[in-house]
Each structure stands twice: as C-alpha cells, then as structure tokens.
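Use the sequences and the hints to build the structure in full.
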Amino acid sequence: METGQPDDGPAPEWRSAMIDISEFTLAELVTHDDSALDRCLRHLAEDRTGAGEQIAGFNSAL
Amino acid sequence: MRPFRLADSDLAALGAGRPSPGTLGLLRRARLSRHLLLLREARRAVPERLAWYDDLGALTPAAARTRIADPLVGLWSARVLAALRAGPETALGELPEPVGHLIRVTHSGRTLTVRLDDRGPLRHLLGLPPAERLAPTELAHWHDCLDAAWRILVTRHPTAAGILDGVLQVIVPARPDPLAEGVSATSAGAFGAVAMSAPATGTGLAVALLHETQHSVLNAVHGLFELVHPGGRLGYSPWREDPRPTFGVLHGAYAFLAVARFWRTELRHDGATAPGRGAAEFEFARWRTAVHETAGRLLAGGELTAAGVRLVGALRDEVEPWLAEPVDPEVERLADLARADHHARWRLRNLTPSPGDLTALAGAWRAGRPAMPVESTVADGVRTIESSPRLRLIRAVLRGDTAGAEEGDPGDVACVRGSRRDALTSYQASLSKDRAHDAAWGGLALVSPHPALRRRPELVRAAALALPEADLAALADWLSHQDED
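Chains Z and B, in that order, give the protein sequences.
The numbering of the first sequence is this note's numbering, which starts it at 1 and goes up by one.
The numbering of the second sequence is this note's numbering, which starts it at 1 and goes up by one.
There is no bait here: all hints are sound.
Derived contacts from chain Z toward chain B, CB cut-off under 7 Å, selection only: (1) Trp14; (2) Ser22; (3) Leu26; (4) Leu41.
Some chain B residues near chain Z, calculated using beta-carbon distances under 8 Å: (5) Asp8; (6) Leu37; (7) Gly223; (8) Leu224.
Simulated from the structure, these hints should not be mistaken for lab results.
What you are looking at is a predicted structure, and each value in this text was computed from that prediction instead of being measured.
In this text, a Cβ means the ideal position worked out from N, Cα and C, and glycines have one as well.
The following block contains the structure:
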C-alpha cells in the first residue's frame, strides 16, 4: 500500500507498509492485538487508486 | 511480524515482466497476509461463533493456509474491505469452498494445476458473466486447450511458464462476448484467478493467460507498494475503447508487455516462412510500440509514485530494444495503421471541445480570424467493445484473404491497401453526403494531409458540424494552425 522508498546505499531496498503475517495462523492473529495490523487494515481501506475494480482485460477483437 | 521488503533489482525485474521465483513467492505471501488480515477483521467484528471460522480452525495450519490463500477467498475477503469503506451492513456469508474441476497438464516434466471453477457462488465477481456449468465436451475442450497452451509455454516460453505456474490457480469460464473473439478479466481481490470465455486454440489461451497473469502480478505489487497517486486524469489506453485512470493504463501496458514478448519469442522459433508469421509479426510490431509509447506517457505524466516510476522505467527499458528489431515493412505499416486507427477512433468517441469553445471557434471562422486554442476534454464513458472495420480488413490481409481484404467501405479498403489518395477521396465523398459519418471521420484522420485531422479529429468534426457551410479541407487547414491542446 504505502509507497516504499528505496534506502540509500549499495543495495537499495523498497520497504512496504504491509507486514508479512503469512506464517501466523488466523487464530493467533484474531487473539493478537497489534497496532501494526490495524495500520495495515487502514491502508487497505484507504486505497483510492481504483485498484479494486475488475480489469476486463484481453479482448482479441481489439 | 516484519514489513515486506523488495530489493530494487527485484522491483526492476518485476517491471521488466521477469520476476524471479523468489519474488513470486513474496507476492503469494503478501496475498496470503492480505487475506489473513481481512479474515481477522471479519472474525473480530462479530462476537458470536462463525461456522467458517470454526471450519478453518479444524484444518491443519498448512491446509488452512492453502484454503485462505485461494483466490476466491480473496474475493470473499474483499467484502470485508467494502464493509470497512461503506459501513458494516455488508453481509459476508459463508467462506466459499474451492469447487470445480481440477485440471493437471504436464509437459517435459513440468506440471500446471488449475481449478476450473464453473459453479462457485462468487465467480461472477471476477468481472465477466460466468458461463453455466460445463458439459463434458466443454470440459474436454478446456483441458485440450490448456494442454496445448502449456506445451507451447513450456517448450518455447519457459520463463513465462514459470510465472504462470507461480500465479495461476483458478480459471472461471465466462460467457462469450458476441463482439469479441475472446474475452478475459481479472479482479484485484483475486490474485491468481482469471475469468475467460472458452478459448479457440492453445495459442489463444496461452496469450490470454499470460496477459491476465500480469494483471494479478501488478495488483499484488500495488498491494505492497503504491504505484500511482490517487486521483488523476482519465487518459488514452491503446487497448481500450474508453478513457482509463492511470492505474488502468499501467495495467494495460504491463499486460501487453507479456503479449509482445510472447509474439517476439514465437517469431524467433517459427522461422521466416512459417504460416501465420505475418499475424505474429503484426501483433509484435503493434504492441511493442504501444507498450513503449504508453510507458513513456506514464513516466511523463507525473501520476506515478517513486515505486511506480521505477517499475515503469524498467518496463520501458525492457521493450525499448525490441523497437529496433526488424519486421516486414508492410506488416509494420499495417501495425502502425492499426494503432493510429485505434487512437483516432478513441479520440472521436471520447473527446470533445466544450460548447462554449465551439461557439467561439465558429465565430472566429465566420469573422475571418485565426483559430484560437481550444481544448478537448475527456468524458467518463461506459466501457464498450467496438471492432474496427479497418482492423478487420488488416487481419484479412495478414491471413492472405484477398477477397476478404476487398470487402468493406471503399475508403477503408484503399486505406488498408496503402492507397492514401483513393482513401482520402472516398472519405471526403462520404462526408460531403453526411458530415456525421463517424466511420469516415475515423478513416479521414488516418490519411488527411492536415495535421489537425490527424492529431485532433474530434475537434475538426465538431467544428464541421457547427459550421455546415464551411469547406472541410479549408476548415481542417484553418484548425491546423491552432495551438495544440
């Protein structure tokens, strides 16, 4: 979500506002209060770039 | 819990359409994290027990992750987002079960597994009207086409095959569109899912799947690193009939990067005399230029974030060397014509000067004054699929269908043949009978000697309709001396 910025230095890296919770179980996350999770959720909810719409993509008549 | 991080070189590789297996793994983890976050919110918002939550809890952690990562669960969890944005009234219902037909195809030891979902209750959310449940013969056709597509990709496009295998999980068969030979779509909420009408051939399916996979990848990247700033203007996209937001234009460029690369690679494998080479050259020549030009417009437009600039810069760098690769000059001419035709029709359909400006312009003409600068504005339109009569003729030429290449409006036939003067005469004759003849305006924009007609046909048309007494050529010449918008 939030645009990451490359760090200065020889190996620049982009840092996301989203956090990796893929190794957690849902039950662990449900019982876990964490402001970082709430921030991620707000970022998702605030996305206003139109990314949520379906992309009616390939049309071979074009 | 750590933020997702991506090396700059990995973001550049994504922009070039060549993500590493490690980057694809990161995108899958990002999507699983997104689903987990939204399911957590859905669970915490309701105090009473929820059957779907209890069902997930009964699975092993690995099985639960697989289930939660399913693209259709992504569509379901997107409803949580809708509730967050619009209020808590959105009914979530039960978590969708993974249903449909599991298809496995193997070539050279590489296997692709895809679920063909012809019955899931949320499959309509992918953006196309879903087909009814597949009959056995229809299922066999899908299997055969997927088998052929996978063979093509594994044999000649191994990197693209790896990307497809790393992303694609679900295909939702969609109803065919009578105005298109094939349609397909993706949703930002469903990483790894594609809706598409039944393919005609393995090649067609391969191209469509590569195209749609790019949308999924781009959506996942955007979920980590915002690529475009919110807001912004609607603009031209060479693969759509309607004005598109910046992120939509970027989607098109990214998807057609894969399409151009597919045809480029096919050309290298097929040899100079293979049947269908002209059509492959046409697709390559048409899309390499469209992708390059669109990337350039995106980079100059000021609506990309820093991450977006990095990604689109890498995209443009990837395709730029392809522009110098030789293509049959006649095919190149037809590809240029097809792109110009699309752009002219798009302008005529979607742009217009304001009524006030038009009145002022008509007054200046009648008073013998120079044309003042007048802007054309984009109207937010409804998506349409409109096939071009000239594109139909071009495809007939590429097929070697000489009879088909003569069937159509005489101006269009001459235009596609390259007889500019004959085409000009024919279009002018059509417009002398009827100034509202849109197809003739589109053709005239391709062959006119007047810059205003070539660059801003919508303005010349609007002026011609407002000034029925004016000679068209004189009017176009007068407007050609106006400042550009």
